[in-house]
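Visitor: The task is simple: from the sequences and hints, build the whole structure.
FYI, the numbering used here numbers position 22 of the sequence shown as 135, with every residue one higher than the one before it.
Don't read these hints as lab results, they were simulated from the structure.
Mixed in with the good hints, there may be bad ones.
[What the hints assert, rightly or not] Label pairs and their computed distance ranges (CB to CB):
(1) Lys115 x Gly135: 24 to 32 Å
(2) Ile142 x Lys115: 14 to 22 Å
(3) Ala123 x Gly147: 17 to 25 Å
(4) Leu129 x Thr149: 14 to 22 Å
(5) Asn136 x Lys115: 25 to 33 Å
(6) Phe116 x Asn136: 26 to 34 Å
(7) Thr149 x Glu124: 12 to 20 Å
(8) Phe138 x Lys115: 16 to 24 Å
Ideal placement from N, C-alpha and C gives every residue a C-beta, glycine not left out.
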Amino acid sequence: RKFSQPEEIAEVAVFLASDAAGNIFGQEIVVDGGYTVG
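Guide: What follows is the structure, encoded as structure tokens:
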């Protein structure tokens, strides 16, 4: 496991701002390299 890099966080933000994420509402998206999974 590794800590997320700023570029990885930015990729998620860009996706969420795109038309491809048009049906995503009110979600908490964790970008933590799998730390919360175990």
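Visitor: Against each hint, give a clear statement of whether it holds in the structure.
Guide: Consistency of the hints with the structure:
no., hint, in the structure
1, Lys115 x Gly135: 24 to 32 Å, "holds (31 Å)"
2, Ile142 x Lys115: 14 to 22 Å, "holds (18 Å)"
3, Ala123 x Gly147: 17 to 25 Å, "holds (19 Å)"
4, Leu129 x Thr149: 14 to 22 Å, "holds (18 Å)"
5, Asn136 x Lys115: 25 to 33 Å, "holds (30 Å)"
6, Phe116 x Asn136: 26 to 34 Å, "holds (30 Å)"
7, Thr149 x Glu124: 12 to 20 Å, "holds (18 Å)"
8, Phe138 x Lys115: 16 to 24 Å, "violated (30 Å)"
Checked against the numbered hints given earlier, the structure breaks only hint 8 and satisfies all the rest.
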